[in-house]
Each structure stands twice: as C-alpha cells, then as structure tokens.
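*Asks:* Chains A and B supply the protein sequences, listed in that same order.
Here the first sequence is numbered in the numbering used here, starting from 357 and rising by one per residue.
Here the second sequence is numbered in the numbering used here, starting from 2 and rising by one per residue.
For the record, the hints were derived by calculation from the structure and aren't laboratory data.
Values in this document were obtained by computation on a predicted structure and should not be read as measured data.
Errors might be hidden in some of the hints.
Derived SDA-like pairs (lysine to any residue); straight-line CA-CA distance at most 20 Å [said to hold, decoys possible]:
(1) A:LYS477 x B:VAL233
(2) B:LYS217 x A:HIS415
(3) A:LYS477 x B:ARG236
(4) B:LYS217 x A:LYS374
(5) B:LYS215 x A:ALA418
(6) B:LYS217 x A:GLY645
(7) A:LYS374 x B:SER127
(8) A:LYS441 x B:LYS85
(9) A:LYS390 x A:LYS427
(10) A:LYS487 x A:LYS419
(11) B:LYS217 x A:ASP453
(12) A:LYS677 x A:GLY645
(13) B:LYS85 x B:ARG53
(14) B:LYS217 x A:GLY513
(15) B:LYS217 x B:GLU230
(16) B:LYS217 x A:LYS481
(17) B:LYS215 x A:GLY645
(18) B:LYS217 x A:LYS427
(19) A:LYS419 x A:MET434
So the derived label-pair ranges between C-beta atoms look like this [stated by the list, open to error]:
(20) B:ASP218 x A:ASN478: 51 to 57 Å
(21) A:HIS509 x B:GLU64: 52 to 58 Å
(22) A:SER400 x B:VAL19: 53 to 59 Å
(23) B:LEU306 x A:HIS509: 21 to 27 Å
(24) B:PHE146 x A:HIS509: 51 to 57 Å
(25) B:ARG8 x A:HIS502: 22 to 28 Å
(26) A:LYS365 x B:TYR124: 30 to 36 Å
(27) A:HIS509 x B:PHE158: 54 to 60 Å
(28) A:ASN478 x B:TYR124: 29 to 35 Å
(29) B:GLY259 x A:HIS509: 56 to 62 Å
(30) A:GLU653 x B:TRP128: 47 to 53 Å
(31) B:ASP218 x A:PHE599: 52 to 58 Å
(32) B:LEU306 x A:THR544: 30 to 36 Å
Note that CB positions come from ideal geometry on N, CA and C, so glycine has one too.
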Amino acid sequence: MAEKLLDIKNLTTSFRIKDDYHAAVDNLSLTVNKNEVLAIVGESGCGKSALAFSIMGLHTRAKIEGDILYKGNNIAKMSPSELNKVRGNDLGMIFQDPLTSLNPLMEVGEQIGETLYLHNKNMSKNARREKVLDLLNKVGIPRAEHVINQFPHELSGGMRQRVMIAMAIANKPELLIADEPTTALDVTIQSQILDLINKLKDEMDSGIVLITHDLGVVAEMADRVAVMYAGQIVEVADVKTLFESPLHPYTRSLLNSVPNANTEQDELHVIQGIVPSLQNLPREGCRFGARIPWIDESAHEKHPELKEVAPGHQVRCTCYKHFSFPDESKEEQHVLS
Amino acid sequence: MWKFTLRRTLIMIPQLIVLSILIFVLAQLMPGDALSGQVGPDVDPKRLDEIREQMGWNDPWHEQYGRWVGGILQGDFGDSYRFKIPVSELIGQRIVNSFWLSVATLILSYLIAIPLGITSGRYNDSWRDQLITGYSYIGFATPLFIFALVMLWLFGFTLQWFPTSGSVTPGLEPGTFEYVMSKLYHLLLPALSTALITTYGTIQYLRNEIVDTKQKDFIITARAKGASESRVYNRHILRNSLLPIAAFFGFEITNLIGGSIFIENIFGYPGMGQLLVESITLRDYTVLTATTLLFGVASILGALLSDIILSIVDPRIRIK
Chain A
357 MAEKLLDIKN LTTSFRIKDD YHAAVDNLSL TVNKNEVLAI VGESGCGKSA
407 LAFSIMGLHT RAKIEGDILY KGNNIAKMSP SELNKVRGND LGMIFQDPLT
457 SLNPLMEVGE QIGETLYLHN KNMSKNARRE KVLDLLNKVG IPRAEHVINQ
507 FPHELSGGMR QRVMIAMAIA NKPELLIADE PTTALDVTIQ SQILDLINKL
557 KDEMDSGIVL ITHDLGVVAE MADRVAVMYA GQIVEVADVK TLFESPLHPY
607 TRSLLNSVPN ANTEQDELHV IQGIVPSLQN LPREGCRFGA RIPWIDESAH
657 EKHPELKEVA PGHQVRCTCY KHFSFPDESK EEQHVLS
Chain B
2 MWKFTLRRTL IMIPQLIVLS ILIFVLAQLM PGDALSGQVG PDVDPKRLDE
52 IREQMGWNDP WHEQYGRWVG GILQGDFGDS YRFKIPVSEL IGQRIVNSFW
102 LSVATLILSY LIAIPLGITS GRYNDSWRDQ LITGYSYIGF ATPLFIFALV
152 MLWLFGFTLQ WFPTSGSVTP GLEPGTFEYV MSKLYHLLLP ALSTALITTY
202 GTIQYLRNEI VDTKQKDFII TARAKGASES RVYNRHILRN SLLPIAAFFG
252 FEITNLIGGS IFIENIFGYP GMGQLLVESI TLRDYTVLTA TTLLFGVASI
302 LGALLSDIIL SIVDPRIRIK
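Same shape as in the complex, but just chain A:
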C-alpha cells in the first residue's frame, strides 16, 4: 500500500456571499500518495482552485471545515506561523498565470532566493545565489547567470513559468500543487512545461496534485484522476480505468466532448446547461442531474455518496447505471440543420 502523503477528510470550504456561507468545496475526501500524480479535473467553477488554495491555506476569507492531514499534521487547524513553516518548504505551489504571479519589481533571483531564505535563514548569500543558479539550470533556463538578475517582464511566458516552478521546488517540497500550470501558455510551451514537471517528479519523488481542465494533460501526466463537479468528487479512478471505462455521466460527457484524432466525428458532444453558480448549487440529490434531463429522476439517488465499484474506482450516485447519450435526438437535430 502506498504511503499517504495528504489525506483530506470531509473538507468543506465555504465563501460568504451576502449573509450566507456557500460551500465551493463540499464535504470532500481525497488522498494523495507519495510519488503519485493525482489530477483533479472539472469545469471552471467546480471548486478545483478553491480546493488547491485550501490545501495551501491560502484562503483569507473562507470558512474551512474538515481536516487536511499532511503526514498526519492538520493543515486546516494550523496557526499562521505553523502554516508558514510548511508552505514553500513541504508544500510547493505552481500558479496558473506566470505573468501576474511574479512580483514585477523583484529580480527573478531574489524571488526564488526568498523561498530559500524563508526556510533557511542561516544560508549565506553566496550559497543562496549558487542554489538559485542551480535551480534555474534545473528548470531548463539558459544563461542562468544572466537571468538571475532579470525582472519578470524581461522573460517570456514559458520562462516565467519555469521561474515559478523553480520557486515552488526550491526547498524540495514533498507535495507539489500545480493549479492549471499550462493554461496561460501556448501549446508548444505547454508540453515543455509538462515534460519539465514530469522530469522533476522523478527526481524529487514527491506527490503532485495537478489541477486542470485539459484532459490531454491528464492523460499524459496523471496516475490517478479525481473528477470534480459542483464542489464534489463524482468519480475517482486510475488514469487507465478512467479513460477506458468511465462510469459517471459527467466523466463520460467530458470525455465525449474532447475531439478525437482517430475517429471521425461530425459534431462534438456539448454538455447541456451551465455550471450552476455557488448560490444556486443544488444541495440535495444528484448535482449533475439537472444537466442530463433526459435521464429519469428515479435513476438518481436521494443522497448520492461515493461508492467503490471496483478496487480504487469510486463513483457517486446510481445514475451511471441508467445513463446513455441522447444520440437519437442528436441525429434528429442533424437532419433538421
């Protein structure tokens, strides 16, 4: 059995809108093992980033309930100073947009050096500089000696994301959280950055939580996948199972809406409706039910829970047993148009 690095139990992260708290992450439980890439997939607004920020303790105004155990220590209950010892040291985070996530007035070297300094105040200035150069080389930045004194605006997007990664891995964190690390980059740079993360993962043997909405990235990187919808996990499986035999209607719809290069498709599947906003989230019954209206209500459970259907494969709600795509109606539409 793999070693549990992160164990999230019944996590609820709620935000206050007007006078009520609304849960963006709702009673979520999840584990990340050592040496594992866990991908969290879902549409925008499903609570992926809220989850990542909860793990890092970065929410300033949210109410967090439940436990986030990192090697047995509860991050959710830590004081700010305890949290600051863990962040940047045991937990590293790569953000979505390297353009805005770097301080525009600080030299790159200073920003990476800060992570080192904060967790090892005794390190000499020269040693720190050496270490920063080493990190820049490690993330594949050419002419590190030059770049170390440059400002973020002098670097390209890909370079900036490499700097971001260097910052996140500076203290060899055991858990790396990558919040859509490639979303803001163009396709060629995307694959370079993913290769880099893969390479670093092997070197550092740490666990990675990869948050993304790109199923291509998931297929390339992940060992295990958790599919999130409306603040809940609807399906967890290892990557092979998930792509070969997805069960939950949402997972199947997601996979169906990705263009496939091997088969000829006239039309891509489009999931009906929109992600409900935080205030309008259905709190009872199957949350995805409203977006597959052709499935009879009786197919859904009243209080859907994640249930193990095979070892390591969990699915929420019983509706998957009765689900099929409304292909007939789709063909009708086709004829009409």
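Given chain A, work out where chain B should sit, using these hints.
*Replies:* Quick look at chain B alone, frame taken from chain A:
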C-alpha cells in the same frame, strides 16, 4: 538611463520657451502698468507717456520679449519698477525662504500621508480606515486659506505657540544656531497647516494602491512561499504601492506652489508667493514675470524629477 535623462531634459527647452512667451504676453495683457497708479494732480500725464516711451513699453511685444529673454539669459531679470532694485536681488532671499518652506511642507505631508495611507490600505474598511478616510474628506473639502487662518488664530494668536509672521526673529546673526532654529520655528506653522490640509491626495492614493496590490496574484505567491503577513506587507505590497507615490512627487511640487501663494500671504512669510501677489497688485511687471517664470520652471523640474525617480524605482520603465 543617462540617455533618458538627457533626452527628458532636452524636452524641457521648448517647454520653457512656450512658458516664457505665455507669461510675458499674459502680463502684457493685464490692464494698467507700473505708472498707472502714479496718476495724480501733481503728475503730468504727458511726462508719464514720455517715461513709457523711454522705457520701451510702447514697442511691439516681441521686441520687448526679446529684450526680456536676452536679459534673463545673462542672469538679469531687470529692475523692479517699484523697489528700484534688481529683481534678482529682490527674489534672492525670498526664493531661499520659499524653498525651505516647501521642503518642510513636503516632509511633513509625507510623514502624515505614508503611515495613514498604509494603515488605511492595510486595514481597509475597518474603523481605522473610515477614520482616516473621514479626515481626507475634510482635507479635501476645507479650503486651504480658511484652514490656515484658523491655525494662525489658534496657535499663533490665542495660544501664542508660534510666531505670527516673518521668517526669522529680527536681530539674529545669520549662520548662528539660534538663527537656524528661529527660521525653523517660523516655518513650522505654515508648513504644518499646508501639510495637514493638502496631504489627503497622497493618503487616498496610497490607500487605493495598497488595496489594489493586496489582491494581486503575486501576493498569493509570496504567501505560498511561506512569507509571514508582515513580510508580505513590507516586501511585496508596500514596495509596489509606493511606486505611484514617487510618480506623484512632481505633481506635489506644483500643488505646493499654488498653496504657497495663500500660505505666505496669510502667515506674512516673505517668500515667492507673497512677492507674486504684491507684484500683481503693484503692476510690477519685471518682478511678476520673473516670479511666475520661476514657478513655472519649478513645476517643469518637478515633472522631470517624477520621471527620473520613476525610471529609477520601476524596472519596467528603466531605460538602458
């Protein structure tokens, strides 16, 4: 960097030429001249016309302008019509007084604005913020000259903590310690009055910058590195928020000039602002044009200073 400064300085030349023409023409357009107040039963108007002709006041404006600029380029602002001494001599001591008053005002207003702006921005929407914002609204709404009069009445006349006019106690030897202290003592009240009432802009500017910077992504990055809240504020938020304040500095100088005209008159402080108003009422053109020109030059220099400061502190616009 040097290239940028040089280029930026060269732009000043056309600015100065346009400024000098404007000032000269506007002064010419003012009704009356230095002699129109001399009309009386024992003065022969024909004699006045003769003097006017003699002084060249009837020449076309561009000839007069040429003479004036030619003189200035040689350091000669002409003679004051009223005081019968060279303008440069008249301005000499006053420009020093005004300079120190401005420096004191600037220091005091930043001493007030920076801590208040930081508190207001860091704890935005708290009672502290509301208190400070309330103060800046009062500062915004209160006219400087009324506030200065109240300060003068309260601290100068009623409590008698501060002198009510002048820039130094008469009879002190220049250069001695007492002389310097007396100078300082005299400029404290006018400087404080201006600072208290004109600093609202900087407070609100700094507050908004901090509130804005607080929500930037790189602040989250800093927290994710494990930086403590105080470090996040001091190293990341403050540094980024003070930038626009530096850019604001030149504008501050222009503001001060406007303020000094009121303040120096109210506090009887012998500076450039007072001289300017005097020269307008006396139609003392040479003094008027010289003071206005110097104020204009100060504004242009302020803008230059802003640009240079900004180019030093902000790497994004640093020019190599």
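*Asks:* Does the beta carbon distance between ARG8 of chain B and HIS502 of chain A stay inside 22 to 28 Å, or does it fall outside?
*Replies:* Cβ of ARG8 of chain B to Cβ of HIS502 of chain A: about 27 Å, so the range 22 to 28 Å holds.
*Asks:* Quick check on a hinted range of 56 to 62 Å for GLY259 of chain B and HIS509 of chain A, using CB atoms only.
*Replies:* At 36 Å between Cβs, range violated.
*Asks:* Check the hint pairing LYS85 of chain B with ARG53 of chain B against an upper bound of 20 Å on the C-alpha distance.
*Replies:* holds, 16 Å
*Asks:* Does 52 to 58 Å hold as the CB distance between ASP218 of chain B and PHE599 of chain A, or does it fail?
*Replies:* Because 32 Å falls outside the window, the suggested range is violated.
*Asks:* Hint says 29 to 35 Å; check whether the CB-CB distance for ASN478 of chain A and TYR124 of chain B agrees.
*Replies:* holds, 34 Å
*Asks:* Please test the hint of 51 to 57 Å on the beta carbon pair from ASP218 of chain B and ASN478 of chain A.
*Replies:* violated, 30 Å
*Asks:* When you take the CB atoms of GLU653 of chain A and TRP128 of chain B, is the distance between them in 47 to 53 Å?
*Replies:* Cβ of GLU653 of chain A to Cβ of TRP128 of chain B: about 52 Å, so the range 47 to 53 Å holds.
*Asks:* Measure nothing beyond the straight line between the CA atoms of LYS677 of chain A and GLY645 of chain A; if it is 20 Å or shorter, mark the hint as holding.
*Replies:* Holds. LYS677 of chain A to GLY645 of chain A sits at ~13 Å (cutoff 20 Å).
*Asks:* Would the hint linking LYS477 of chain A and VAL233 of chain B be met if the CA-CA limit is 20 Å?
*Replies:* This hinted pair holds, its Cα atoms lying about 17 Å apart.
*Asks:* Does the alpha-carbon distance linking LYS215 of chain B and GLY645 of chain A stay inside the 20 Å limit?
*Replies:* violated, 39 Å
*Asks:* Keeping to a limit of 20 Å between CA atoms, is the pair of LYS217 of chain B and LYS427 of chain A held or broken?
*Replies:* Since the Cα atoms of LYS217 of chain B and LYS427 of chain A sit roughly 31 Å apart, the hinted pair is violated (cutoff 20 Å).
*Asks:* Is the straight-line distance between the alpha-carbon of LYS215 of chain B and that of ALA418 of chain A 20 Å or less?
*Replies:* holds, 16 Å
Violated hints for the displayed structure, listed by number in ascending order: 4, 6, 8, 10, 16, 17, 18, 20, 24, 29, 31 and 32.
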